[in-house]
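J.: One-letter residues, chain by chain:
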Amino acid sequence: MHILDWIVLVTTLILIIGYGVWKSRRRDNLRGYFLDHQSMPWYLILLSVMGTQASAITFLSAPGQAYTDGMRFVQYYFGLPLAMVVLCISFIPAFRHLQVFTAYEFLEKRFDLKTRALTAFLFLLQRALSTGISIYAPAIILSSLLGWNIYWTNIFIGGLLIIYTVSGGARSVAHTQKLQLVIIFAGMLLAAYLLVHKLPPTVSFHDALHLAGKLGKLNAVVMRTDLQDRDFWQDKYNVLSGIIGGFFLALSYFGTDQSQVGRYLTARSIRESRLGLLMNGIVKVPMQFGILLIGALVFAFYQFYPPPLFFNPAVAQQMYDSPYRVHYVQLQHQYDSLFVYKKEAAQQLVTHWHQYRGDEAGAKYFVQLQQKADTLRQEAMEVIQQALPAADHNDTNYIFLYFILRELPQGVVGLLIAVIFLAAWGSIAAALNALSSATVVDVYKRAIRKTATDDHYVMMSKWFTLFWGVFCILVAQFANRLGSLIEAVNVLGSLFYGTILGIFLCAFYVKKVKGTDVFWSAIGAEMVVLVFYHFQTVSFLWLNVIGCLLVMGGAFMWNAVSSRVS
Amino acid sequence: EEKPPLFPAWWMWYALVILWLLALIFLFQWFTVSFS
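Read top to bottom, the protein sequences are chains Y and A.
Just so you know, my numbering puts 355 at position 355 of the first sequence, and the rest follows in order with no gaps.
Just so you know, my numbering puts 4 at position 4 of the second sequence, and the rest follows in order with no gaps.
Note that these hints are calculated values from the structure, not bench results.
Each residue gets a CB set at the ideal place from its N, CA and C atoms; glycine is no exception.
A hint or two may mislead.
Here are some chain A residues pointing at chain Y (derived, C-beta under 8 Å) [unchecked claim]: (1) Phe7; (2) Pro8; (3) Trp10; (4) Trp13; (5) Tyr14; (6) Val17; (7) Leu24; (8) Ile25; (9) Gln29; (10) Phe35; (11) Ser36.
Let the sequences and hints guide you as you build the complete structure.
T.: Here you go:
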């Protein structure tokens, strides 16, 4: 990275973080510490909800996901707007009416302590694992820039985040989130513009889309209705799994995950909470479409400029020093010479399109060359796995970073890296804050020390922030085996979100069910979900539906049996 | 209940969000087909 980029990067970070910390300096009681005095208008709720969901993973890993797997991941967001509507109808009025700190407090009022404790435990486990994975994303950037060892970088970043959160970072984020999101979107738009601008003069934006489409990268909608086919249920992303599975996942994430519930409970009124979430439902799908489209455009870009065989330069460098060097260099040469043919085929296709001529044979040849290139990349990853078993042999998360660092102009690189960093900062600080607030309110204050001063609880929440921060750093050390991070966090969430959602839906809609009914059916449902995941019976989005329906059905039956016995 | 802005009732907002989602799915479907 150029010296100008370093200056821009450091200045942006210091200015934005400094401004946020300066704006939010005041002492607080427990309620103010967690809920920020319930004074937020809807547009700040929207920004805060979006900023919490969009961590560095969104901006780094999603373009790579589109590069390797196409845009079909966008379908996972189709259930989100529907979930926002259900939240506005059911969840928001209930939470506001009961004046709760955390979503799990509500469960004790409705059921009993053990159901609250079980749900809080599932949340803490799930959120801590996800936050650990999100620490890994900014660590990837820093270790790529400085050539640091990834394990030490995880510890360094995690440590900084703990200090930041303990000193009131989650609240200072609220003041800078607006600015950060504006800069991030400006940066992503600029990256998209420069991408198209850097294509060869004969290749237009339209041509680039056609090339990416020919190679199956623009599969934004996959309509499948073959429900009787087992393959349908194992297919990760199609319209039905996106709308139904994505609905249950989003409803659980926004309706029961304290890191999100804590955001919209800070609204001035129910009206502001609702508007913030509905706007989130309106802007989220187009936003993710745009980010994935950037990945597809990066793919089109590398049809005309030589791509590396492997997008993680640190690992590629290690391969040159490994015993498998000869094999790897051979693959690299094959890949480079294949690129020359592929570029020629792409240019010919574009020329034919400009002359309004279809070119079926040319398109077929182009697709075949791409399949060969994919095979070579697959082979390279297998060689890397053999040579460096501990290294990350999947480069999905590095693709967009590689492009930014090498292709964007000086100054822009520093700015883009800074805002991606800030995105991680904001969402991880919010997550650590949610973890410690749920631990204090749902565990410590409820079961360990029921009466103490507010000062004592605020101090304890800082200690719990330290505890969860260390836990997350430990998780981050294993994140390099997870492949695409944006998929990994969603798969992980799906293991627990269905069950948690089922508990809440019982609380809202099934009046006669008691705490014990829900408690045991939730434990049973969680076991079934984990078994289904282990045997890969269905793709991960369906696990949310299964977990939720099992809890509700189980509680209903348990209640019927126990009331008959008594 | 608090009145929403723009529309007289909340259900109209909910309908708007759902219609918007359907419009996006059809738009993406067109996008997928026309560039493949």
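J.: Each hint: holds or not?
T.: Hints versus structure:
1. Phe7: Violated, because the Cβ-Cβ distance from phenylalanine 7(A) to chain Y comes to roughly 11 Å (cut-off 8 Å).
2. Pro8: violated (14 Å)
3. Trp10: Result: holds, 7 Å to nearest chain Y Cβ.
4. Trp13: holds (6 Å)
5. Tyr14: holds (4 Å)
6. Val17: OK, holds: valine 17(A) within 8 Å of chain Y, min 5 Å.
7. Leu24: Because about 5 Å separates leucine 24(A) from the closest Cβ in chain Y, which is inside the 8 Å limit, the hint holds.
8. Ile25: This interface hint holds because 6 Å falls under the 8 Å limit.
9. Gln29: Holds. Min distance 4 Å.
10. Phe35: holds (3 Å)
11. Ser36: With a minimum Cβ separation of about 5 Å from chain Y (threshold 8 Å), the hint on serine 36(A) holds.
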